[in-house]
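Undergrad: So the chains spell out like this:
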Amino acid sequence: MSERESILEVGGVSKSFGGLKAVQDFGLSLRKGELQGLIGPNGAGKTTVFNLLTGVYTPDAGDIRLGGVRINGLRPHRINGLGLARTFQNIRLFGELSVLDNVKLARHVRVRHSMLASVLRTAGSLNEEAEIEDRAMELLKLFDLADRAHEEARSLPYGDQRRLEIARAMATGPKALLLDEPAAGMNPQEKVELAGLIRRVRDEFGMTILLIEHDMGLVMKICEKITVLDYGKVIAVGSPGEVQTDPKVMAAYLGVEDT
Amino acid sequence: MPLLGVVGIALLMQFVLKPMLGEGGSFYAKLLLDIGINAMLAVSLTMVNGFTGQFSIGHAAFMAVGAYTAAVLTYYGSAYLVGGETFADAGVQGGLVSTMLTERVRDDGLATAWITARDLLFAGSLVAGGLVAAVFGWVVGLPSLRLKGDYLAIVTLGFGEVVRVIIQSQTADVLYTVEEIKEAPVLGVAQMFALKTDEWVAPLWLRAGGSLGFSGLPFYTSLFWVFLWCGLTLVVAYRLKNSTYGRAFLSIREDEIASEAMGVNTTRYKVRAFVLAAFFAGVAGGLFAHTSGVQLNAGELGFVKSFDIIIMVVLGGLGSISGAALAAVIVTLLPEALRDPPSLLFPTGPNGGASFFPWSLIVLGLVVAGVCWRAERKVRAVLLLLGTVLAWEALRYGARKAQVDLSDYRNVMYALALILMMILRPRGLLGVGEIWDRKRPHRSVPTATGKTGPGATL
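If you read the sequences in order, they're chains A and B.
Residue 144 in our numbering sits at position 144 of the first sequence, and the numbers go up by one each step.
With the second sequence counted from 1, adding 1000 to any position gets you our numbering.
Hints are supplied without guarantee of correctness; some may be wrong.
[Unchecked claim] For lysine-lysine, the following DSBU-like pairs were computed, each having C-alpha atoms within a straight-line distance of at most 35 Å:
(1) A:K225 - A:K248
(2) A:K21 - A:K191
(3) A:K225 - A:K32
(4) A:K175 - A:K221
(5) B:K1148 - A:K175
(6) B:K1148 - A:K21
[Claimed, not checked] Okay, the calculated beta carbon distance ranges per label pair:
(7) B:S1026 - A:E133: 43 to 53 Å
(8) B:E1161 - A:E193: 53 to 63 Å
(9) A:L116 - B:I1115: 26 to 36 Å
(10) B:L1011 - A:R112: 31 to 41 Å
(11) B:K1148 - A:G11: 28 to 38 Å
(12) A:D203 - B:P1143: 43 to 53 Å
(13) B:I1419 - A:E193: 44 to 54 Å
(14) A:A184 - B:L1420: 36 to 46 Å
(15) B:L1131 - A:G124: 18 to 28 Å
(16) A:N127 - B:P1143: 50 to 60 Å
(17) B:G1387 - A:R112: 47 to 57 Å
Keep in mind that the hints were calculated from the coordinates and are not lab data.
Don't be surprised by glycine CBs; every beta carbon is placed ideally from N, CA and C.
Take the sequences, apply the hints, and build the full model.
TA: Shown next, in the form of structure tokens:
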């Protein structure tokens, strides 16, 4: 397992907001095809980590490397172009666009023709548009959304919106996928289906996935490796079994008995 | 192919429709020019306000920049490039493509040519006006990298006023004779660096009439040029909206953070939208400046004009190209229609004039049809239509009894009509969609959440 090519290497990343040290000396290593979990109590800094990785925030210190390329400080669209795609904790779809257009938009980052070619409708641009459409429909089929392709994204039921966000992130052609609480607000049945879907994405595309999730059952079931965050610091890294029995993790989640 | 279509339509307008309107048709021809120019302005603003969701309220400034650039070029440029008289001398005109006259006044052969050097100069000036406006668009687009919503609106409003005031504060002198024109500095760059303020002579490019307005411009704007450019604007906007770049624009409007996270360089596209919109507004300005009966004056291209354009965009539905064009038609015709309002029972007004009757009836039909368009219940739509007609007839009856000329109140009625339309269709006539989208059945199918698609906006 350790020989697998490293996709994402994060070391010594810190970020403060005023006096609040949101993330301190954060490190993480994500290998190709790995499905890793990032957990921690509320306010531990998990989403901040995602925002740092995807360029929403610039880290104060540290090093983030995607496939060997340093990406800290780059703008989010550049980081996405280099192959790091994400979903959002509070769903951020393009509500008034159709389901299909949401996925098609995500292919924009791979588009090679210019805006002028689009306006002139050159053969190259039309071919590429057709290619985008095919690719988007393929993804929608895989995510079981094809029959809703022409509906407005905001009219989809909640679970479908979550799935669409993952499909959209996948459409950008990423090397690694960051999922921010994809199971939030889902019922147990939907969670089981989601777990299956995440696994399928990993297995069928060989996708590397970093998953933030509050549902311990889900995380423990599907993740190979888990990083635990508390007060902005990594307190434990290991397999689900190791993490679950780690005294620091238990203390973070359950509190410490006064001695 | 569509380019040929656009040229074809423009030629038909100029050489088939215009002669059909005949001698007395110049009023309708002028309305058609206004419609075309307004449609260009509305559709170009749609690219910024509708596509990328940036709220710009300084669009008339781009129009002013384009108008003055084109005006200076055709007016002074002709003295250099084409030679001969300035346009203050009566009778100097372009070829058949650039005239709204039904009868040619000159008999020296120049006027009857299809296309002359002057028409080419005019075409070039329009493009130059568009390009200069586009540069301004780029400059205004830059703050949009940092500002959002109301803040950007204030910047664009300020920009519009700055442009207006700068133009108005220039010298009011316009040079008339060719000798004068050839003596004056063209750009005045050398003069500027000499810093001899006492010897300052305003260069030609600043001699555009200042606060008095630029008088003596030739009337080159014809149905051909207006509908050529209007068609081009529509084709570009439509193709853009339905391309991957259009989706990138729309995604910024929907959710800028998500758009950026999905790999869209939001800054670049916001600026591009501004540049493109400014280009077409600049061309529209050039067309406006050379319209018969218009005296170019920056005072008329201030924020009131900007709001007129915004009314069209919002009325049509933010993001809808056909909506913006339709709204441009309505907003242009409505005040005219209300001059001599139509009535089934009282076809003539108190003054007896009913020349506008057939036109205005069509307009009223369009307005009501637009309002009722997507009403879910057909019965309600019919009742609304009947109610409108009855209320209107009652108003006419009352006005006649009271010896009131309704056309005195046309601006009030115009405003009321706008308010009514926004109450009935808060998201504009067509929402974000296009007229032809409505034919797709799946767009308004009820979904699992119980809400319906875009059809449910009423």
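Undergrad: For B:K1148 and A:K175, compute the direct alpha-carbon distance and say whether it is at most 35 Å.
TA: Satisfied, since the Cα-Cα distance of roughly 32 Å is no more than 35 Å.
Undergrad: Taking the beta carbons of B:K1148 and A:G11, is their distance inside 28 to 38 Å?
TA: Roughly 35 Å apart at Cβ, these two residues keep to the hinted range, so it holds.
Undergrad: Using the Cβ atoms, figure out if A:D203 sits within 43 to 53 Å of B:P1143.
TA: holds (48 Å)
Undergrad: Please verify whether A:K21 and A:K191 have alpha carbons no more than 35 Å apart.
TA: Given pair A:K21, A:K191 holds - Cα atoms ~33 Å apart, limit 35 Å.
Undergrad: Can you confirm whether the C-alpha distance between B:K1148 and A:K21 stays at or below 35 Å?
TA: holds (29 Å)
Undergrad: Would you say the C-beta atoms of B:I1419 and A:E193 sit inside 44 to 54 Å of each other?
TA: Holds, since B:I1419 and A:E193 (Cβ atoms, about 49 Å apart) stay within the stated range.
Undergrad: Evaluate the given range 50 to 60 Å for the C-beta pair formed by A:N127 and B:P1143.
TA: Since A:N127 and B:P1143 have Cβ atoms about 37 Å apart, the given range 50 to 60 Å is violated.
Undergrad: Using the beta carbons of A:L116 and B:I1115, state whether their distance is inside 26 to 36 Å or not.
TA: holds (27 Å)
Undergrad: Is the straight-line distance between the alpha-carbon of A:K225 and that of A:K248 35 Å or less?
TA: holds (17 Å)
Undergrad: Can the restraint linking A:K225 and A:K32 be considered satisfied, given a maximum Cα separation of 35 Å?
TA: Holds, at about 13 Å.
Undergrad: For B:S1026 and A:E133, compare the CB-CB distance with the range 43 to 53 Å and indicate the outcome.
TA: Since the Cβ atoms of B:S1026 and A:E133 sit about 49 Å apart, the hinted range of 43 to 53 Å holds.
Undergrad: Does 47 to 57 Å hold as the CB distance between B:G1387 and A:R112, or does it fail?
TA: holds (55 Å)
In this structure, the one hint that does not hold is number 16.
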